[in-house]
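**Q** Here's the letter readout for the chains.
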Amino acid sequence: MSVSKVIMNSPQRRFSTANLFAKPEASAFAMLVIVLLGFELWTGIFLSPMNGKILLTVIPELGIVALGVTVLMIAGEFDLSVGSVFALTPMLMQVLSVYYDINIWVSIIVALAIAVLIGYVNGAVTIGLRIPSFIATLGMLFVARSIAIVVVGGTPRPMSPDTPTAFFAYDFGMFRSSLLWYIALLAVVGYVLHRTNAGNWLFATGGQPQAAKDLGINTRRVKLSAFMLCSFLAGLAGIIQVMRTRAPLPSIGGGLELEAIAAAVIGGTALTGGVGSVIGCLIGTILIRSIDNGLVMSRVSAEWFRTALGVMIVLSVVLNVYVQRFAVHGRHKES
Amino acid sequence: MTANYIMRARNLEKWYGPVQAIREVSFDVPGSQVIGLVGDNGAGKSSLIKILSGAHRPDSGDIEFEGKPIQLRSTKEAMSLGIETIYQYNAMIPQMSIARNIFIGRELLKFNIGGYGPLDFEKMNEEAMDAIADLKLHLRSPDTPVSELSGGERQGVVIARAMHFKSKLLILDEPTNHLSLKETDRLLELVSSLGKQGIASIFISHNLHHIYPIADRIVVMARGKKIADVSKADTTITEISNLIM
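Residue numbers (my numbering), protein chains in the order written: chain A, 1 to 335; chain B, 1001 to 1245.
Pulled out of the complex, with its shape left as it was, chain A reads as follows (with noise of 0.2 Å):
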């Protein structure tokens, strides 16, 4: 028999519900389909069009930091600063463009250029330094922010008249194009991180660093790609909800940085590294959006979002862990 022949026929690739579960992201997606079903049955207005159109208009901005925070932690990684970036990024833009007159799109790629630089930054202080993200990143939250504020002074100025808010936010009708951006967005980082070399460094970085390093991996360069990345994406994200509400305020993406990370977390990504997928942090963006739309659809107060979104971090984390110990389990018994 021929060694494919010996691999089309083990256990392993008959279909078996314990290794579907196995999957971090799926007790993920089964608490997904609970909640939507669950507020459609309390509000019958959860899953309609109009209600539909509000959770497709908020998910793009906090998924696309979300993916990005996903990326860094798979890599062993955190960023805390994600929200910060979030607001100082469309603050230069606005800096730049209504305060010094400079063409918009020259503005707006200065901006991102900055986020990507302060990525660079958190990155470069982490490994350089040899200091936890953590701490690194808490460090980039209140400076980005700070500066944030600093740069827009006291009162904001409107945006300028040939910002191309449709090119972000154009709005069409159920959707806006930010949603297209999110799901390109998706597209390539899944691709990149699941099917390609690169990925695999992400992984293996994350996952055992020294073996990593010792099987030449450039971990640093890894690592140091996915804070900019992260950063990136979170100052795009910025971008895309300033256009849509045309509010440029400095104050926008307070506490991000956690539901970034509970979204992430929600869909299986460790916080130790080297575990999570794209999709995961896809349903941990719907999930997190549609509870805290779906209180407020409730007519229950919106205090208690967050004593939902930290039950439900528990129980993903605990649901995950119990899941994949029988998973495993009941492999070994099979075979």
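Mixed in with the good hints there might be a few duds.
Stated by the list, open to error - With a straight-line cut-off of 27 Å between C-alpha atoms, the simulated DSS-like cross-links for lysine-lysine are:
| # | chain 1 | residue 1 | chain 2 | residue 2 |
| --- | --- | --- | --- | --- |
| 1 | B | Lys-1225 | A | Lys-53 |
| 2 | B | Lys-1196 | A | Lys-213 |
| 3 | B | Lys-1068 | B | Lys-1225 |
| 4 | A | Lys-213 | B | Lys-1168 |
| 5 | B | Lys-1196 | B | Lys-1136 |
Simulated from the structure, these hints should not be mistaken for laboratory data. None of the values given here were measured: they were computed from a predicted structure.
Place chain B on chain A using the hints.
**A** Just chain B now, kept in the frame of chain A:
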């Protein structure tokens, strides 16, 4: 050239701050021989291995590989020359599959642009299974995560990886540390069979009883120096034991 040496090291020295880890160490690895490297803790075995595997650079001294002088700047460079290191801690990513682990850092791609490209999963799975079958290891599927393998199976996969990439010199750093007795025997058998296939190896262990049966030569280190370098035929296990003490 007098004999067919795969690697020769001359007067290697290594300092870590004020501490000298390696003092004027010279030794030769003839092709297809198993060299046993023994010594007590802190004798300088690990430091020497780190230099030969490309992880650290010596402060002075020369290394020749296949008759050519080399300067190893990284483990990757050593690997591309055919020097593969097997570490005691098991250099694999537990969450990843066997096939992916075999190809980490040397992934098979469908095409590549500037060194980046899509993974060829089919070919990687196939070649991984071939590599494992060559060693007569019985593992279920290339998709099995390494975290589900036993310690011996993991070292088996690591050796399969080295063999697959046609390494010419295998450096094994305390590979029997976390293995059961049966797994240790299996590993020793595997290493001695490598010699017959023309692959040289340097086998590091503090357990002389693991090394002695399979080694062709035995090198003893103490306090950063090489204190003995003898053919097994010219010595006995007791003699070596006394040297280490």
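**Q** Okay, which hints does this one fail, numbers in order?
**A** 1 and 2
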